[in-house]
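Engineer: With the hints as your guide, set chain B onto chain A.
Number of protein chains: 2
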Amino acid sequence: MDLDQYFEEIVAKVNATMDSFLHGDTRELYEASRYLISAGGKRLRPLVVVLSSDLLGGERHRAILAGAAVEVLHNFTLIHDDIMDQDTTRRGIPTVHVKWGIPTAILAGDLLHAKAFQILTESIKGLSGDVAYKVLDCFSRSVIVVSEGQAMDMEFEKRWDIREKDYLEMIRRKTAQLFACSAYLGGVLAGGSEEEVNNLYEFGEKMGIAFQIVDDILGITADEKELGKPLYSDIREAKKTLLVIKSLERANSEERKIIMEGLGSNDMSKLKATASLITGLSLDYAYELARKYHEEALAHLSRVTPRNENAVKGLRSIADIVIKRRK
Amino acid sequence: MDLDQYFEEIVAKVNATMDSFLHGDTRELYEASRYLISAGGKRLRPLVVVLSSDLLGGERHRAILAGAAVEVLHNFTLIHDDIMDQDTTRRGIPTVHVKWGIPTAILAGDLLHAKAFQILTESIKGLSGDVAYKVLDCFSRSVIVVSEGQAMDMEFEKRWDIREKDYLEMIRRKTAQLFACSAYLGGVLAGGSEEEVNNLYEFGEKMGIAFQIVDDILGITADEKELGKPLYSDIREAKKTLLVIKSLERANSEERKIIMEGLGSNDMSKLKATASLITGLSLDYAYELARKYHEEALAHLSRVTPRNENAVKGLRSIADIVIKRRK
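Which chain is which? The protein sequence lines are A and B, in order.
For the first sequence, the numbering used here assigns the number 1 to the initial residue and increments by one for each residue that follows.
For the second sequence, the numbering used here assigns the number 1 to the initial residue and increments by one for each residue that follows.
Same shape as in the complex, but just chain A (with noise of 0.2 Å):
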């Protein structure tokens, strides 16, 4: 079978069960909390999930379900990320407090956590005891990590003592976490040994920090259009990026300087500045740690035994896409 049609297929039923899911009479709410899922999305994490479960050959209705309650937590976090970070676009539209108002926002992030668990809980329906206890405690860990990760984040925009180190534990809870959880879900879903789990959860991991140190790369260096969000705004928010990291470690005293005076600002010409700068001082060792990851999760998911072969092709596809996408 083809990637894309096996791909193709599993998204279209994610998005069926997200929709079936998110209909009610409180209709502006219910709309708001559709409104970035419709924009769409690369929907990696359940796709991470139902190619987690067919690996170990789980049932396919259970890893759709989780599928959809990740991705419905992962949208959560985004439009209550944008509240906090003050972002306006996000897939190339407007972000949901800009368009029906923060206390809305808040409200349809709300729905969208709580409909995750309700979801999830569909997808442990007729299982045993000890599995539902696996998947909804690996899930709710997941999302008080996310939320540890991001008050890091903010935290960290108004400090200069942050090492690699940090941005790394930062962006494990961020980001990695929940790919972390979307594959332990679908291998413990379909009934996987511990140690197969374990190895599935390292796979997600690895691949999650690799993630987003290249959407981190993709925020100064993307297409505009093309990655749907404004370029610098991690720059205008004083994030501290890898990339930032490193060059403020490899920069002189006047390089240092620029970045210093970019980072936090709003003037544009400064913005790219420090992007440019930041760019040529860091990307190779970016990218360089992004590839040491990809490898790392490779490794784990070499060490779980596959019971279908597209499943591990198509994991270790998901794995490239992370490093190489443009978006």
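There could be a bad hint or two in this list.
Incomplete in silico selection of chain B near chain A, CB under 7 Å [unchecked claim]:
#: 1; residue: T26
#: 2; residue: H80
#: 3; residue: D110
No more than 25 Å apart at the CA atoms, straight line, and that leaves these computed lysine-lysine pairs for BS3-like [unchecked claim]:
#: 4; chain 1: B; residue 1: K134; chain 2: A; residue 2: K134
#: 5; chain 1: B; residue 1: K246; chain 2: A; residue 2: K125
#: 6; chain 1: A; residue 1: K324; chain 2: A; residue 2: K313
Partial list, derived from the structure: chain A residues whose beta carbon lies under 7 Å from chain B [what the hints assert, rightly or not]:
#: 7; residue: T26
#: 8; residue: H80
#: 9; residue: M84
#: 10; residue: H113
#: 11; residue: A251
Read the hints as simulated data drawn from the structure, not as lab findings.
For glycine and all other residues, C-beta sits at the position ideal for the given N, C-alpha and C.
Structural biologist: Here is chain B on its own, set in the frame of chain A:
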């Protein structure tokens, strides 16, 4: 056993359980998350969970966990509601977003929301998949219904055509659902029959409706210091409480003009005039309706055969507190 001592023991255990889950290395976030919980509150919902479990002879440690989950969830909704409603005081102290800013308040609410699911998941550890499903399904569904209720409440602020049945449906979602779920959870965790847990659900729901009617009454008649939040904020926000709906129905044209001018106003003399008018026109009716729901709640409770006499006395006493409280 003396009821006060019975309640105090439960509340102490619920408080200790909540506290044990609310610590982490992102210190400001956890501090903001604990702040409102530490400021007090009546803990009525966890008492309903634990007493409903006691009523059917359930395992105490599971009920304490589920009670803590419900209280944590309730506090998450308060933090986010206060941002949406722009309320600045609760439990006699500044609201979370006033103290830490909107981004941290959003995130603290999100963290509590996820923590509630984590704590609830601990309550089902070792139980069957069937019970796990019922517990998680009721809880996630409740957050969804509560969010819908909050959306209705906000939408009603802009409308003048709200009838009593719309108001009752709104408070059934916004407030009564979580009381219903609390009683149901206690019953399900204790292994109650379908009839028993359904009667507990109805008991909680009717009590929750009575609770909110009384809450709306206290919002304009209570002692402000005792209440811990500003009087008349419902009138300032043009909330369509039962009192407002009934008053508009009973008012003559002159009175209606005063009420409609007061709703949404920031002028304290107008707010006071409206409050006094509303009280005169509808207080008797609102208390009568609250008492009707209180009686219905007790009727459902009486259909459950108690395994524990203290628990049934305690639940009746909570229903009485709901009606008779002054804050």
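Engineer: If a hint holds in the structure, say so; if it does not, say that too.
Structural biologist: Against the structure, the hints:
Taking 7 Å as the C-beta cut-off, the interface hint given for T26 of chain B holds, the closest approach to chain A being about 4 Å. Interface restraint check: H80 of chain B against chain A, minimum CB-CB distance 6 Å, threshold 7 Å, status holds. At a threshold of 7 Å, the smallest CB-CB gap from D110 of chain B to chain A is about 5 Å, leaving the interface hint in force. Taken as a hint, the K134 of chain B and K134 of chain A pair is honoured in the structure, with Cα atoms around 16 Å apart against an allowance of 25 Å.
Simply put, K246 of chain B and K125 of chain A have alpha-carbon atoms about 45 Å apart, too far for the 25 Å limit, and the pair is violated. Proximity of K324 of chain A to K313 of chain A is assessed by CA-CA distance (about 16 Å); at most 25 Å being required, the pair is judged to hold. Among the interface hints, the one on T26 of chain A holds; its C-beta lies about 4 Å from the nearest C-beta in chain B, closer than the 7 Å criterion. For H80 of chain A, the shortest C-beta to C-beta distance to chain B is roughly 6 Å, which falls under 7 Å, so the interface hint holds.
The closest approach between the C-beta of M84 of chain A and any C-beta of chain B is roughly 4 Å, which is under the 7 Å cut-off, so the hint is satisfied. The interface hint given for H113 of chain A is met, as the beta carbon of that residue sits about 6 Å from the closest beta carbon of chain B, less than 7 Å. This hint is violated: A251 of chain A has a C-beta 29 Å from the nearest C-beta of chain B, more than the 7 Å allowed.
Of the numbered hints stated above, those contradicted by the structure are hints 5 and 11, listed in ascending order.
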